[in-house]
Amino acid sequence: MNYAISIVLATAILFVPSITAEHARQDAWLSLPLASAFGALVTYIAVRLALRFPGETVVQYTPRVLGPVIGKLVGFIYVYYYLFVAYFVQREFSELMNAAYLERTPMIVIIIVLTALAVYLLYQGLEVLCRVNTVVLWSMIGAIFLIVMFGIKEVRLEEFLPVLDNGPGPVILGAVAPGSWFGETTVILMLMPFILATDQPRMVKFNLLAVLILFLVLQMIVVAAVGQFGAEQAATKLFPTLALARHVDIPELPIFSRQDAVFMVFWVAGMLFKLTTFFYAGTLALAQWLNLKDYRPLILPLAVVITALSFHAWIDIAELKSFSGEVFPFAISFVQFFLTGLILAVAVFRGIRPQPGKGGGT
Amino acid sequence: MPKRKRRLVTRRLSEILREAQQKRNAAEDESTVSADEAVNETYHYDQLDQMPLSASLAQNIAVLKRVFVDSPGFNVREFLIAGKIPAAAAFVEGMVDTLLVSANILRPLMHYTRDEPVPQGKGLLEIVQFAGITTAAVRTRDTIGEIVRDVLEGGVVLLLDQESRALSTEVAGFQTRSIEEPVSESVVRGPREGFTESLADGLSLVQRRLKSPNLAVENHFLGRETHTQVSVLYIKGLVNPEHLAELNRRLKRISNNIDGVLESSYLEEMIADQPLSPFPQALNTERPDRVAAALLEGRIAILLENTPFALVVPFEFQALMHASEDYYQNYWFATAIRILRYVSLIIALIGPAVYVAITTFHQEMLPEALLFQVVAARQGVPFPAVIEMLLIDYAFELLREAGIRLPRPVGQAVSIIGALVIGQAAIQAGLTSPLAVIIVAITGIASFVVPAFSMAFTLRLIRFPLTILGGILGLYGVIAGVLAIVIHMAGLRTLGLPYFGGFAPQHVSDLKDSIVRFPWWAMRGRPHELSKRNQQRQTPDLKPRPEGGR
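Protein sequences, first through last, are from chains H and A.
The opening residue of the first sequence carries number 1 in the numbering used here; numbering runs sequentially from there.
The opening residue of the second sequence carries number 1 in the numbering used here; numbering runs sequentially from there.
This is chain H alone, in the form it adopts within the complex:
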C-alpha cells in the first residue's frame, strides 16, 4: 500500500495543482474527487486482473488471453508504457531541479545521478526498494502536511467562490490529468507475483486505501495552492507545491521559513522510487517479453536508453508541461484503463484461468 501511494504522489504533487487549476479554476478541489473515483475504478480493474493470475505478470498472460500475436503486441505496449513513464519521470524531475535549484548544472548530470541511484536500487532488488520506500514515505507525507499547515493561515476561502461558475465541464477536464496519475497504481500488474500469497487477497482493499490517502494529500495541496495564490496564479505557476514550500514564512522563527529544502529531500526520494518502480516494471516486462530468465542484464542498457529518450523526447519545459496536461494523461489512461479493462474482459469472457502450478506468490 505504501508503495502505491508514493509512486503516484511523487509526480502528482508537482503538476496536479496547476494543471487542475488551469481547467477548473476555483473549482479545482471538485476535480480531485472525480479523479480519485476514476483512479479507484482503474485500480480496481487492475487489481482484479492481477488477482486473476496471481503468479504471473501481465506480459506473461496476455498472449494466452488475447492470442499469441495480439498478446505479444499488447505485451509490448505494456513494456513501452512502463519505460515511457520512467523516462517521463526522469525528464520531469530534472526540469524541476534545473529550474528551481541547480540553474547552471547541465540537465544530463541531474538525470544521470538519479538514474544511477535507480540502477543501484534495481540491482538490490524489489525487496530493498520496498524497505527504503517504507522508511521515506511516511516522513514525506509528514513534510507535505507541515508545509500546508505552515501556510494554512493564508488560505482565503473566497478564492474558491463562486462554485461551479462555468458549469461542470472544466471540472471534468481538470480531473483528466490527476485521474491518469491515480491510474499509475496499475503497476501492480507487474508486481503481483512478488506479493506474499497471504497478502494477495487484501490487495483490493490496500490499493483502494492508497488511492484514498493519496486523494487526501493531493486535496490538501490543491486547496492550499488555490487558497493561497488564487486560481490564476496557481495555474500559471510551474510548480505550485514548491512555491508553497518557499512561501512558508514565520517571522518569529526564520529558520523554519522557506521549507523548499525539506520539500526537495522528500521529493527527490519520491521521484527516485517512482522512477525505480516503473523502470523495474519495464525491465522485468521486457525480460519476460523476450523470455529471458533474469532481468538484471537489461538494467544498464535500458538505463542508457531511457536516459537518452528522456533527453530527446521534449524540447523544453513548456512543451513538457503541455504534454503532461494534454497528451500524457490520455496516453497512459489508454493503457491503464482501456487495455487493462480489455484484457480482464476477454479473460473473463473466455474463462481463462492461470496455468496450474504458477499460482501463489514468492
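Be aware that a few hints might be false.
Over 12 Å on every C-beta distance to chain A, these chain H residues come out as not near it, computed from the model [unchecked claim]:
id: 1; residue: Leu41
id: 2; residue: Leu191
id: 3; residue: Val217
id: 4; residue: Ala261
id: 5; residue: Phe266
id: 6; residue: Ala303
id: 7; residue: Ala318
id: 8; residue: Ala331
id: 9; residue: Gly341
id: 10; residue: Arg350
Residues from chain H that face chain A, not an exhaustive set, calculated with beta carbons under 8 Å [what the hints assert, rightly or not]:
id: 11; residue: Ile77
id: 12; residue: Val119
id: 13; residue: Leu121
id: 14; residue: Arg131
id: 15; residue: Thr134
Just so you know, these hints were derived from the structure itself, not from any lab.
Every residue gets a Cβ at the ideal spot worked out from N, C-alpha and C, and that includes glycine.
Following the hints, position chain A against chain H.
Below, chain A without anything else, positioned relative to chain H:
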C-alpha cells in the same frame, strides 16, 4: 620387620626408576629427530587429533616432548604414584598455578596411602580420577591433540603407565585483569561490570544474569595457530534455530582456515553478510548486561578469549543507536535521549555537506539575517566552501586521532594546542570562517553521541564523500548521497535479518523500542523478525495499578 620392608621398597623403587629410564631412552631414540628437522616440523590440531595415545608412558612422553620441542615453558614432571607406578604430569610453566598442582595432584598421588593396593594398568585411571587427585574438573583424554590443547590452555595432563587414556585437569594460574567498569560503554545507572580478556569470566558474568538451564553454549576453536576459543551463547527456545545454524556454518567455514583470531573484529569481518559494506554488521559490546538483554530477545552472543568485546548477531540498525542505559533510566528520559541521538546522527552525517551545499548553491534558502552573517564571515576566505570544510574537517580528525594514539598527558596538550590553532588562529588569519569551525565542532560532538563506536567510525568516514557531493551538486548531491546510503543499508542483512528491521519491514509493535522506548510493562513482544517462535516476552497485564482498581 619394618627395616627389611623398607629396604625391599627402596630396592624396588630404584628398579622401577631404572626401568623407566631405559624405556624412556628407547622411546626417545626411536623418535629422535635432528635439530633441522625439528625446526621445520609443524603440527596442527587436525593432524594431532588423529594420533591416539599409546599404552606406553615413555612413548607418550616422547611424543609430547617432540611436539613441544622448542615450546616456551613446557614441562613434564615425572613421578611415581604411591611410590610404585610411573606417571607424568605435563603442563606449561606460567600457565598453571604450581601451588595448586603440587597440592592437588602431585601430593595426593605420591602420598597415596589407602589400604587397597593401587592396581597396575587397568583400573588405575579410575582410582586416580576418583580417589587420587583433588582438583574440581577432571576429564579423560584419548588423543595427543586433546592433550596438547589442554596443556596450552593452562591445564595439567596426567599420563599414566600402561594406560592409553590421560586425565586432564584445569589449574590455570595465569594473570588476568580483574573485572572493571567497561571503558567504552560507561553508564550513570546500571551495572558496572564489564567483560575481561578471560572467556571464563565472561561466561560467568552472563550466566550470573541468566540463571536458566536454557542458556546454552557451543564452543568453536578458531585459528590454526591461535586456536582461540569462541563461545556461541544463546537461550534455547528463544533463539531462531535457523540463525544459529547459519552462524555455526559460517564459523565452521573459518575454523581452521584462518591463521589467528585475536579480536572479535576478525570474526565480525569473517561472518559478515555483505563483506564490502562500511557499516558494522555485528554489534560489539563490553557489557554483560547488554549481552543478557540481547539473548533474552532471541539473539546470539559470541564471546571470545583474549578480548573484552563480545559480538551480538543478528541485530538491527537501531540497536546501534541504543545504549544499555536507555533501559535503566526513566522511559520518558530515554525516549528524549534517543531522539537526541537520531538528530545527532543526522548532523554527524550531513552537517558539513549541508553547509557546503547551502553556501555554495542555495544561498536563497537562508533567511536574510543569517545570510548576511554567512556572507560576511566568508569574506576573504581564500577557498571555496567545500575545500574550506574538508580542510577543517581533516584537521579535526587529525586532532582526534592524535589525541587517541598519544600518551594521555601529551594527547591533552595536542588537543589544547590544536583547538587553539584551529579555533582561533585559523579564523584570525582569515583562512577559514568561524561558521565552518562551528559546523565542524558540532558535527564532531554529534558523532560522539552515537553510542556504538563502530557506527560513529562509519559516520566519520562517509561524511567526507557527502561533503564533496554537496560541493559538486548542492543539496541534490547530498540527498542523492544519503539516498544511496539508505538504499545500501536497506539491502544489508545480519545473519539474514534485515538491517532496518522494525522500521522496514515494518512491525508496529517493534517500534515500541526504536526511536522511542516504551515502559517495560508495555513491551510485551520480542522483536518480530527475530523470534518467530516465541513472541511473547511477558504477560500483557503488567501495568502497575492499585489493588482491585482498573
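A quick look at each hint next to the structure:
Even its closest Cβ contact with chain A, about 29 Å, leaves Leu41 (chain H) beyond 12 Å, as expected for a residue assigned away from the interface. With a minimum CB-CB distance of about 16 Å to chain A, Leu191 (chain H) clears the 12 Å threshold, and the non-interface call stands. The beta carbon of Val217 (chain H) sits about 19 Å from the closest Cβ of chain A, which is more than 12 Å, so the claim that it is off the interface holds. Its closest Cβ contact with chain A, about 6 Å, brings Ala261 (chain H) to no more than 12 Å, contrary to its assignment away from the interface.
With 12 Å as the threshold on Cβ separation, the claim that Phe266 (chain H) sits away from chain A is violated: the shortest Cβ distance comes to roughly 9 Å. The Cβ of Ala303 (chain H) lies farther than 12 Å from every Cβ of chain A, with a closest approach of about 15 Å, so its non-interface assignment holds. For Ala318 (chain H), the requirement that its beta carbon stay farther than 12 Å from each beta carbon of chain A is met, with the minimum near 23 Å. Remark: the non-interface label on Ala331 (chain H) is consistent with the geometry, its nearest Cβ contact in chain A lying 29 Å away (cut-off 12 Å).
For Gly341 (chain H), the condition that its CB be more than 12 Å from all CB atoms of chain A holds, with the nearest at approximately 33 Å. In this structure Arg350 (chain H) is separated from chain A by more than 12 Å, as the shortest Cβ-Cβ distance comes to about 38 Å. This hint is violated: Ile77 (chain H) has a C-beta 30 Å from the nearest C-beta of chain A, more than the 8 Å allowed. Hint on Val119 (chain H) is violated. Least Cβ distance to chain A is approximately 11 Å, over the 8 Å limit.
Interface hint status for Leu121 (chain H): upheld, as the beta-carbon distance to the closest one in chain A is roughly 5 Å, under 8 Å. For Arg131 (chain H), the interface hint holds, the least distance from its beta-carbon to any beta-carbon of chain A being 4 Å, beneath 8 Å. With its C-beta approaching chain A no nearer than about 4 Å, Thr134 (chain H) sits inside the 8 Å limit, and its interface hint holds.
Consistency with the previously given hints fails for numbers 4, 5, 11 and 12, ordered from lowest to highest.
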